[in-house]
Each structure stands twice: as structure tokens, then as C-alpha cells.
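Visitor: Single-letter residue listing:
Number of protein chains: 2
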Amino acid sequence: MIFPEIDTPAVLIDLDIAEANIDRFQVHCSKHGLAVRPHIKTHKLPMLAKRQLQAGAIGITCQKVSEAEAMISEGGIDDVLITYNILGDAKLSRLRALSERTRLSVVADNHETINGLSRFFADASEPLSVLVECDTGAARCGVTSPEQARALARYISDKPGLSFCGLMTYPPVGQEDAVQNWLRTAKAEIEKAGLTVDVISNGGSPGMWQAQDVPIATEYRIGTYVYNDRSLQARGICTWDDCALSVLVTVISVPANDRAVIDAGSKVLTSDLLGLEGHGHVMGRPDILVDGLSEEHGVLRAENINLKIGDRLRIIPNHACVVTNMVDQIETIRGNRALGAVPVVARGKVL
Amino acid sequence: MIFPEIDTPAVLIDLDIAEANIDRFQVHCSKHGLAVRPHIKTHKLPMLAKRQLQAGAIGITCQKVSEAEAMISEGGIDDVLITYNILGDAKLSRLRALSERTRLSVVADNHETINGLSRFFADASEPLSVLVECDTGAARCGVTSPEQARALARYISDKPGLSFCGLMTYPPVGQEDAVQNWLRTAKAEIEKAGLTVDVISNGGSPGMWQAQDVPIATEYRIGTYVYNDRSLQARGICTWDDCALSVLVTVISVPANDRAVIDAGSKVLTSDLLGLEGHGHVMGRPDILVDGLSEEHGVLRAENINLKIGDRLRIIPNHACVVTNMVDQIETIRGNRALGAVPVVARGKVL
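Line order of the protein sequences matches chains A and B. For the first sequence, this note's numbering gives the first residue as 175, with consecutive numbering after it. For the second sequence, this note's numbering gives the first residue as 175, with consecutive numbering after it.
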């Protein structure tokens with residue numbers, strides 16, 4: 175039986191693989207003169223954030239104020255970019271408190287966000303660094319033209335307590351040239367307006383090996399690369415051997431020759447498909463389809479399922495980031511050696 | 175602003191609606207002489223489990239041992255059915271400890287599960303009640319023929335520490351006649367073998383108003399009905415006014431006339447589609463499609479989005495059960511009155 179000391183279902187993190195992933199991308203970016211600012215959404219662990227900083231990262235990225243609070247709770251992390259429009263007195267007051275404890279920067283794509291930030295930082299000893307979020311094609315948040323980016327940069331720079339420091343984008347996949355052109359135009363416009371663009375923050379694991387193809391970027395934000403997953407393997411970004419996260423499960427029922435049921439469902443593997451068929455890759459059994467999930471059951475199908483009740487399997491999920499958010503703790507391993515559980519400190523931090 | 179005292183995103187539970195949902199189905203089943211055994215997977219709250227028992231439920235259903243432990247932690251719940259093949263010494267030892275604190279029953283669809291249960295209960299003062307899980311068409315767990323059900327009932331009844339007490343099925347939707355026939359045949363087979371079938375446990379919110387169409391069932395397990403959700407509304411099982419759970423969100427970006435972004439993504443609403451288009455129903459704005467989710471962003475689309483940054487919305491998710499599993503606490507409300515946060519005691523209990 176594999177990992178008999180660990181009850182199932184459990185999320186396993188192979189630290190050897192995670193560390194190799196961290197180092198490989200750091201070397202890649204260092205070679206191209208690009209700074210790395212890992213997004214902690216994937217691991218949610220101060221331990222691995224510190225490992226990323228040791229490898230050469232310049233700071234971390236969080237999406238929410240509560241994530242940043244959780245990540246700096248242990249010390250050792252002192253540069254955090256929150257890539258989110260932060261709104262509302264509750265969050266702004268926590269952001270201000272956080273700024274007394276760590277070097278912070280945030281993003282904004284609208285006046286209301288900037289007005290709120292200025293209201294809470296007008297009397298701060300240091301101005302808050304604010305980047306303009308730019309929609310370079312992904313159609314999520316962000317100003318939609320370089321001209322808007324220039325106007326918002328000016329708006330930030332005129333506001334008490336704030337300092338305009340650059341541009342940030344969550345780019346569309348595979349459109350490096352368009353992203354480069356968008357950002358170059360915006361930078362030129364802003365410089366014409368007399369402002370300096372110190373930081374241009376690009377990111378995304380799907381485009382990680384083309385990070386250097388947006389040479390105007392000064393830093394790259396990246397999350398999933400630390401663990402990798404089935405969606406990145408399917409895109410050719412990594413191999414199965416580079417996948418640090420797997421879900422350890424037990425076969426609890428074998429009702430038919432072509433079907434077995436495991437003790438992990440959407441409450442661990444999640445329903446994220448990311449365009450794939452099935453809900454994960456069964457290590458060593460590529461013939462098996464993880465066909466259907468209910469909350470606590472996963473239905474496996476294969477022409478000849480050839481599994482016994484009590485058998486253990488490891489499944490590489492479609493999407494690693496959302497899986498770590500389902501569990502209060504992960505089990506660290508190195509190869510076949512179990513090293514113990516670690517709490518997922520920034521799990522469920524949505525505020 | 176709606177619920178200004180609650181920071182977003184937040185999961186709101188309207189207790190007036192939840193209580194009405196509990197009472198309405200209890201009345202329906204009582205009229206038909208059917209016992210109700212609510213599945214706590216939807217609310218995960220001892221508070222609402224006790225309210226279900228007060229309304230007339232005979233006990234509760236849990237899927238995992240750790241859920242049962244969490245639910246009885248406060249007292250006041252003393253009859254728990256765990257509808258799962260429980261395997262492995264760690265879980266069996268906890269199950270045995272639990273049996274000293276509450277009236278327990280479990281299910282099994284195979285010899286290995288039964289052997290494990292017997293090993294841990296052979297020296298118990300009371301035998302453990304075991305139901306045979308039957309696959310009446312849903313193709314998840316369960317023996318696949320009435321003959322297998324009879325053989326497994328015999329196997330249980332011959333095992334030290336165990337007592338065969340009946341049949342349990344998670345039925346296919348809309349096939350009440352087939353389910354009734356399957357269970358009637360199995361019951362007759364088992365009685366021919368000299369055993370008594372005390373309990374026949376059927377369930378499922380999609381078939382709740384047809385529960386009486388499987389008259390051989392003695393009890394009905396039901397989870398989602400307490401909150402309802404978009405998937406049940408789409409099936410005509412409930413109206414929007416019967417939906418007790420909504421997600422309170424804030425508009426954080428309005429990049430275009432036809433698009434806005436909210437501060438809730440798959441980390442709250444989840445990726446469960448259940449066959450629907452979009453990720454939820456925006457209350458009061460049926461023209462809006464909750465089009466895409468990333469972990470912390472939701473993209474809303476409408477011909478004329480007509481939303482301002484800072485606006486608050488309430489979204490009824492596709493699947494209520496998985497949403498309560500994402501958050502450490504829910505916010506209780508009655509109508510427009512906020513009553514305070516309650517910890518989701520049985521959240522993330524997958525063992």
C-alpha cells in the first residue's frame with residue numbers, strides 16, 4: 175500500500191518536484207533578465223513562498239487582502255503585490271494596517287478604487303504603490319486601451335497617498351506580440367505625460383516558457399507552475415513527472431468490470447474541467463477515465479478496470495490551485511517518503 | 175447598499191426560507207407516511223440539523239465519518255446514517271468510537287467493507303446496523319442486482335458485531351417505478367432468505383416531490399432541499415423565492431457596457447454547472463449571464479450591464495451544497511435583516 179500512514183482522500187505535495195519547478199523557472203527568467211513574482215494562489219503556503227524568494231523571486235503576488243495577511247503571518251515575506259481592485263472600508267482599513275507590516279503594491283482599473291485607496295493612505299508615511307491593470311485581451315478586469323491606462327496613471331499620480339508605479343496585465347494565452355505592443359504603447363503614452371513606468375507586470379503559467387517574448391515586462395507573476403497539473407500537461411508546458419500535486423485516493427467499490435468508485439469527489443478534485451475530458455489523470459493508469467464526480471465519490475471507467483477494493487491510486491487533478499483550496503492541510507512527501515501534514519494557511523481567504 | 179455590515183464575497187443563508195423548506199417537505203412526507211432523514215452535506219450546520227429533527231426528521235445522513243463527528247460535536251443529534259463504504263483502520267476506529275456516542279448505521283456494497291466493520295465491532299456491546307447499498311440505476315456505488323443484495327444481506331447478518339437492517343439507494347432521477355420494482359424484488363428475496371428488512375432508504379432532492387412514488391421506501395434522505403439552488407429551480411422543484419442560499423458580491427470593475435466583474439469566482443461559486451449555462455442566477459437581474467469564473471473573479475455579461483463599481487448583487491448558485499463547503503462561515507439573515515456569522519462546522523470533512 176502506498177503511504178499507509180496517510181488516510182484518504184489526501185492532497186500530496188512532492189517537495190522535490192515543487193522545488194525543481196521553482197528553480198527551473200527562476201533560472202529561465204534570470205537568463206532573460208525578467209524578475210519572478212510568484213502567485214501564492216496555487217500553494218497558499220508561507221513555506222513555499224519563502225522557498226520561491228530564496229530561489230530569487232522579488233516578492234509574492236496575492237489576489238485578496240486576507241491572502242496577504244495569511245501569507246505574511248509567519249514573517250519572512252516582505253514584498254506583496256495584490257492584483258485586485260480593493261473596494262470597501264473593511265478591506266481598505268485592513269490593507270492600510272498591512273502596509274505598516276510589509277512593502278505593498280496594488281492595482282486599479284477605475285476611479286472608485288483609486289479614490290478609496292487614496293482616502294485610506296492620504297495620511298500614510300509612505301505612499302502606496304499602485305499599478306494600472308490593463309486588459310491586453312483576456313477580457314477580465316483592466317482598462318481597455320493604452321489611452322485609458324495613461325489617464326488612470328495620471329489620476330493615481332495626482333491622488334494624495336498614492337504613487338503610480340506601473341502596469342499590470344493578466345494576458346491572453348499565446349498572444350505575446352499583441353501584449354507587447356499594447357504595453358509598449360501604454361508605456362510610451364504614460365511617459366509622454368511625464369510619468370515613469372517602473373514596473374510592468376505580466377504573468378500566467380500557460381505562457382511561462384514564452385515569458386521573454388514580452389520583453390517590455392519587468393516581472394512575471396506565476397502560480398500553477400509550482401505544482402503543475404493536468405491542464406498544463408495537456409498544453410505541453412510540463413510532463414507528468416513535473417506534477418508535484420496528486421490526490422491520494424482509495425477504491426471503495428468495484429461494482430462492475432469496467433467501473434470503480436473512489437473516495438474523492440468534487441470536494442477534493444473539484445469540478446474544474448479547463449476544457450479537458452474527465453477529472454484527472456490516474457498515475458500509472460492512463461487507460462482510466464475519471465468520468466464523474468459527486469461530492470464524495472469519483473467514478474472511474476476503463477475497458478478493464480482491474481482494481482480491488484482498498485487499492486490506492488494517485489490522481490493528478492485538472493487544476494492544482496483549486497484543489498489546495500479544498501483541504502485544511504496537505505501532506506508533504508519526497509518521492510515515496512511521507513514527511514507530514516502542513517496546514518494550508520491561506521485556504522479559503524476570499525475577502 | 176444591501177447588508178452593509180457584511181464584507182463580500184459572503185454566503186448568505188435566509189433562515190426564514192430554510193425553515194419553510196424544512197417544514198414543507200416534512201409535511202409532504204408525513205402525509206405519505208415516509209420518514210425524513212436529512213443529508214447534512216448541504217448545510218453542514220448542527221444548528222439546522224437540529225431544526226430538521228425538531229420538524230420531525232428521524233435522524234441525519236452523513237457521507238463521511240468526519241462529517242458525523244463534526245455534526246454530533248454539539249450534542250442534540252443522536253441518530254446518524256453514514257451512507258458510505260467505510261474502509262481502513264483509521265476510519266473504522268473512529269467509527270467505533272463514534273458508535274459509543276450516538277446511534278449509528280452504515281452501508282456496504284462489498285465483502286471487504288463488511289469484513290472491516292465486523293473486525294472493529296465484533297466486541298461492541300450493540301451490533302452495528304448495516305444497510306446494503308443498491309444500485310437501482312444511478313451507476314455509482316451499490317450491488318447491481320436484487321440477488322446480490324440478498325447475498326450481501328446474508329453475509330452481513332452472519333458477521334459478528336453486525337446486524338443487517340435494510341437497503342439504501344441513491345436512485346436515478348425520474349425512474350420511480352424502476353426503483354420501486356428493484357427494491358421490492360430485493361426485499362422479497364431477502365425475506366425469503368429468512369431476514370427482516372426494517373429500513374429502505376431512498377433519497378435525492380431532484381425526486382423529492384415524487385418520494386411517495388417509491389412506496390416501499392421507509393425513509394427519504396434529502397440534502398439540497400434545505401437551501402435549494404439554481405439547478406433545482408431549473409428542474410421546477412422550487413422557485414427563486416424558495417432559495418435560502420445566495421452569494422453576496424460586489425462589482426469591482428465595469429470595463430465595458432456589456433461586461434462587469436464581481437469579487438466572487440470559483441472559490442465561492444464553484445465550477446459546478448450541473449448541465450446549466452452560466453454559474454448562477456443574479457437576483458433581480460435575469461438578463462445577466464454569470465459567464466466565466468476564475469478563482470477570485472466572476473465575469474457578468476448582459477446587453478446593457480448597467481452596473482456601477484461598488485454595487486452589490488446576490489447570486490443564487492447552480493449547486494448550493496458545494497458552495498457552503500468553500501467558506502469557513504456563512505452569514506445568517508432573515509429577509510433584509512443580518513443576524514451574524516455561523517461557522518460551517520462540517521466544512522471540508524472528507525475523511
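Just to be clear, a hint being listed does not mean it is correct.
[Unchecked claim] Facing chain B, a subset of chain A residues (Cβ under 8 Å, in silico):
(1) Val201
(2) Gly262
(3) Leu266
(4) Phe294
(5) Gly316
(6) Asn431
[What the hints assert, rightly or not] Chain B residues, not near chain A, derived (Cβ > 10 Å throughout):
(7) Gly262
(8) Ala264
(9) Thr276
(10) Asp283
(11) Arg293
(12) Ala313
(13) Gly335
(14) Thr392
(15) Trp414
(16) Val442
(17) Ser445
(18) Ser468
(19) Asp502
Keep in mind the hints are simulated off the structure, nothing from the lab. Ideal Cβ positions, reconstructed from N, Cα and C, are used throughout, including at glycine.
Visitor: For every hint, state whether the structure bears it out.
Guide: Evaluated hints:
no.: 1; hint: Val201; result: violated (27 Å)
no.: 2; hint: Gly262; result: holds (7 Å)
no.: 3; hint: Leu266; result: violated (11 Å)
no.: 4; hint: Phe294; result: violated (15 Å)
no.: 5; hint: Gly316; result: holds (6 Å)
no.: 6; hint: Asn431; result: violated (11 Å)
no.: 7; hint: Gly262; result: violated (7 Å)
no.: 8; hint: Ala264; result: violated (4 Å)
no.: 9; hint: Thr276; result: holds (20 Å)
no.: 10; hint: Asp283; result: violated (5 Å)
no.: 11; hint: Arg293; result: holds (13 Å)
no.: 12; hint: Ala313; result: violated (7 Å)
no.: 13; hint: Gly335; result: holds (19 Å)
no.: 14; hint: Thr392; result: holds (24 Å)
no.: 15; hint: Trp414; result: holds (23 Å)
no.: 16; hint: Val442; result: violated (6 Å)
no.: 17; hint: Ser445; result: violated (4 Å)
no.: 18; hint: Ser468; result: violated (7 Å)
no.: 19; hint: Asp502; result: violated (5 Å)
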